[in-house]
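Visitor: Line order of the protein sequences matches chains A and B. Going by full-length UniProt numbering, the letters in the first sequence line up with residues 1 to 227, in that order. Going by full-length UniProt numbering, the letters in the second sequence line up with residues 1 to 341, in that order.
Derived by calculation from the structure, the hints in this document are not laboratory data. Be aware that one or more of the hints could be misleading.
[To be verified] Calculated pairs, SDA-like style, for lysine to any residue (alpha carbon to alpha carbon, straight line, at most 25 Å):
1. 120/A / 335/B
2. 123/A / 202/B
3. 73/A / 23/A
4. 123/A / 160/A
5. 73/A / 221/B
6. 123/A / 315/B
7. 149/A / 7/A
8. 149/A / 211/B
9. 73/A / 232/B
10. 123/A / 222/B
11. 73/A / 17/B
12. 204/A / 193/A
13. 123/A / 259/B
14. 4/A / 206/A
15. 73/A / 239/B
16. 190/A / 163/A
17. 123/A / 207/B
18. 104/A / 232/B
19. 4/A / 57/A
20. 104/A / 209/B
[As the list claims (entries may be wrong)] Quick partial rundown of chain A residues pointing at chain B, CB under 7 Å, derived from the structure:
21. 24
22. 49
23. 52
24. 68
25. 71
26. 72
27. 89
28. 96
29. 100
30. 101
31. 105
32. 131
33. 163
34. 176
We put the CB at the ideal spot given by N, CA and C, even for glycine.
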Amino acid sequence: MLLKVRGLEVHYGAAQALFGVDLSINEGEMVAMLGRNGMGKSTTISSICQMMTPTKGTIEFCGQTLNRMSSHKAARLGLGLVPEGRRCFPNLSVLENLSAAARKGQWTLERVYALFPRLKERKNQSANTLSGGEQQMLAISRALMTNPKLLILDEATEGLAPVVRGEIWQAIATLKKEGLSILIVDKTLKELLPLADQAIILEKGESVWAGQPSALTEEMKDRYLGL
Amino acid sequence: MQVTDTAPKPVTGFKFNREGATNVAVMAVLLALPLWASSVGEDYYVNLASLITIFAIAGVGLNFAIGQGGMVSFGHAAFFGIGGYTAGIAAFHSFEETLFMSVPFAISGTNQMLIIWVVAMALCGLAALAIGAISLRTEGVYFIMITLAFAQMIYYFAISWPTYGGEDGLSIYLRNQIGAVDTDHALTFFLICFGLLLAAIFVSARLSGSRFGAALGTARMNETRLATSGINPFPIKLTGFIISAMITGLAGALFAELNGFVGPSMLSWHRSGEIMVFVILGGVGRLYGPVIGASLFVLLETYIGEWTEHWQLLLGFALLGVVLFARGGVMGLIAGRARHD
């Protein structure tokens with residue numbers, strides 16, 4: 001198993017945000033984390049990436065316990081995060097954004113440019129001059145340049161135009177086809193569910209359901225996702 | 001293909017846009033004036049240009065820490081002073097023909113500038129390693145205060161070190177040498193300083209344009225984001241801080257040579273403030289900004305200072321104007337805002 005999260009609990013000061021999240025990802029698997037806003041999806045991701053310290057529970061990645069590990073060490077083990085809101089380094093060029101994070105491995109500039117040809121055209125442009133879609137492509141590429149074993153995408157298509165969203169989904173599908181393990185949070189279920197191998201639903205900071213996306217009933221979608 | 005094969009090309013600073021043209025013009029004026037002054041026998045102006053050049057080197061060092069790494073150090077006088085004292089102490093022992101230390105091994109003085117520069121930079125690097133290892137665990141105003149505190153510690157140490165003059169400082173009776181080069185000749189010394197300024201700018205530009213520079217830049221923008229990319233920001237920032245200190249230390253060694261004197265004032269917090277003024281006036285993160293900043297500072301001090309002892313009031317207004325209306329400094333006013341502004 002690539003990632004195993006058990007009984008994860010997280011507090012923001014006195015307020016408890018996660019009340020017990022369980023999550024498992026096998027190699028080459030794509031897992032969709034679902035839930036309405038404020039249910040703890042981003043907190044779970046932050047905890048996995050060691051940007052937050054859990055108060056209880058265990059996180060194991062590649063057979064190693066991540067608890068209390070610094071975030072750069074966790075990333076070096078192979079966690080590649082594409083954070084919510086893109087968050088590229090705005091004053092650096094596309095090339096600088098990519099090369100600053102690069103580690104040796106299968107993902108190289110050429111391969112990233114092949115996935116997103118637009119980035120090659122804009123390689124000397126500052127990230128803050130890119131469109132929202134291009135910034136998202138850059139954020140995904142930056143994570144890929146760290147040669148991750150698990151790519152974590154937090155709302156990768158949020159706020160993007162439909163055409164650009166399509167390009168991003170196409171890239172995600174390509175990554176999955178190439179065997180990259182992916183943990184994804186996204187609201188566009190129409191594109192997400194057909195791609196995902198597994199899904200997990202968070203409700204009020206707790207994982208309440210896990211299974212194959214095809215097993216998700218309309219009643220569950222209505223109750224947990226507000227659809 | 002390795003990532004480094006297509007790493008970004010280093011910024012050379014000689015692109016012929018408005019900023020590039022300004023850079024060339026500033027450096028050309030800085031070179032031409034002492035050449036002219038020397039030809040008409042006015043060594044005073046040559047020495048003035050040397051002072052500007054030395055201050056500019058110190059500014060290039062601090063600018064690397066602030067502009068590239070976002071480390072607002074208010075203690076760079078420590079490195080400036082360590083560089084100066086290295087030159088002074090080496091010259092003192094060379095002149096007196098005594099040993100600096102005899103146990104566990106003998107170290108004598110030297111009057112060779114090349115050796116002094118290497119030792120000065122190495123000592124500044126070590127000092128920056130110790131200071132940075134502690135102060136870089138803090139941020140913002142705490143980082144400023146801790147760097148200031150370290151500089152003040154070294155300042156008071158220098159004051160209480162009677163062997164090397166204590167509060168009175170130490171004279172360098174004979175300027176140190178580089179082989180057969182006559183470093184006492186004002187123009188020759190200026191050209192040495194000018195060459196070192198170009199070297200400091202070149203190193204700063206190469207590093208800023210490298211993967212290391214990109215990582216340092218990202219640490220300035222968002223350390224957490226850098227960490228989630230698998231890079232520990234701490235050693236990156238510490239390395240940047242050390243490089244910055246070494247450049248400033250080199251300037252300190254040259255300053256001591258120029259004045260033939262080294263004293264605790266080189267280590268005082270006023271000096272840290274002055275180096276910061278060079279950077280802010282010229283434009284934070286601008287490669288040639290410290291050259292403009294140092295030029296303005298020295299010219300204001302020299303010419304307005306002749307007219308009134310309150311010349312720093314004018315400097316204060318200039319700084320206020322830059323901070324309020326021109327975040328890119330004077331370079332920003334001339335060449336427009338840059339990506340670091």
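Visitor: Look at each hint and say if it fits the structure.
Guide: Okay, the hints, checked on the actual structure:
The straight-line distance between the Cα atoms of residue 120/A and residue 335/B is roughly 28 Å, outside the 25 Å bound, and the hint therefore fails. A C-alpha spacing of about 24 Å is found between residue 123/A and residue 202/B, which places the hinted pair at or below 25 Å, so the restraint holds. Restraint check: the Cα-Cα separation between residue 73/A and residue 23/A comes to about 21 Å, which is no more than 25 Å; the hinted pair holds. At most 25 Å may separate the alpha-carbon atoms for a hinted pair to count; residue 123/A and residue 160/A meet this at roughly 21 Å.
Under the criterion of a C-alpha separation no larger than 25 Å, the hint pairing residue 73/A with residue 221/B is consistent with the structure, at around 20 Å. The hinted pair formed by residue 123/A and residue 315/B fails the criterion: a straight-line CA distance of about 41 Å is larger than 25 Å. With a CA separation close to 23 Å, the supplied pair residue 149/A and residue 7/A stays within the 25 Å bound. Taking the CA atoms of residue 149/A and residue 211/B, the gap is about 23 Å. The hint holds against a cut of 25 Å.
Distance hint between residue 73/A and residue 232/B is fulfilled; the C-alpha atoms sit about 8 Å from each other, no more than 25 Å. The suggested pairing of residue 123/A with residue 222/B holds, with an alpha-carbon distance near 21 Å, which does not exceed 25 Å. Our distance criterion of 25 Å between C-alpha atoms is broken by residue 73/A and residue 17/B, whose separation comes to about 42 Å. A threshold of 25 Å between alpha carbons decides the hint, and for residue 204/A with residue 193/A the separation of about 22 Å falls inside it, so the pair holds.
Taken as a hint, the residue 123/A and residue 259/B pair is broken in the structure, with Cα atoms around 48 Å apart against an allowance of 25 Å. The suggested pairing of residue 4/A with residue 206/A holds, with an alpha-carbon distance near 15 Å, which does not exceed 25 Å. Between the alpha carbons of residue 73/A and residue 239/B the distance comes to roughly 19 Å, so the proposed pair stays at or under 25 Å and holds. A threshold of 25 Å between alpha carbons decides the hint, and for residue 190/A with residue 163/A the separation of about 15 Å falls inside it, so the pair holds.
At roughly 19 Å between alpha-carbon atoms, residue 123/A and residue 207/B fall within 25 Å of each other, so this suggested pair holds. Using a Cα cut-off of 25 Å, the hinted pair residue 104/A and residue 232/B holds, with the two alpha carbons roughly 16 Å apart. About 11 Å separates the Cα atoms of residue 4/A and residue 57/A, which keeps this hinted pair within 25 Å; it holds. Among the hinted pairs, residue 104/A with residue 209/B is consistent with the structure: their alpha-carbon atoms are about 20 Å apart, no more than 25 Å.
Residue-level restraint check for residue 24/A is violated (minimum Cβ-Cβ distance to chain B is 22 Å; threshold 7 Å). The beta carbon of residue 49/A comes within 6 Å of a beta carbon in chain B, closer than 7 Å, and the hint placing it at the interface holds. Annotation: interface hint on residue 52/A violated; nearest CB of chain B at approximately 11 Å, more than 7 Å. Annotation: interface hint on residue 68/A violated; nearest CB of chain B at approximately 14 Å, more than 7 Å.
Because the smallest distance between the Cβ of residue 71/A and any Cβ of chain B comes to about 4 Å, under 7 Å, the interface hint for this residue holds. Checking residue 72/A against chain B: minimum C-beta separation of about 4 Å stays under 7 Å; hint holds. A cut of 7 Å between beta carbons decides the hint on residue 89/A: the least distance to chain B is about 5 Å, and the hint holds. For the restraint placing residue 96/A at the interface with chain B, the shortest Cβ-Cβ distance is roughly 4 Å, inside the 7 Å limit, so the hint holds.
Checking residue 100/A against chain B: minimum C-beta separation of about 4 Å stays under 7 Å; hint holds. A least Cβ separation of about 4 Å between residue 101/A and chain B falls short of the 7 Å threshold, and the interface hint therefore holds. Restraint check, residue 105/A versus chain B: the minimum CB separation of about 9 Å is more than 7 Å; hint violated. Proximity of residue 131/A to chain B is violated relative to the hint, the smallest CB-CB distance being about 18 Å (cut-off 7 Å).
For residue 163/A, the shortest C-beta to C-beta distance to chain B is roughly 28 Å, which exceeds 7 Å, and the interface hint is violated. At about 22 Å, the closest approach between the beta carbon of residue 176/A and any beta carbon in chain B exceeds 7 Å, and the interface hint on this residue is violated.
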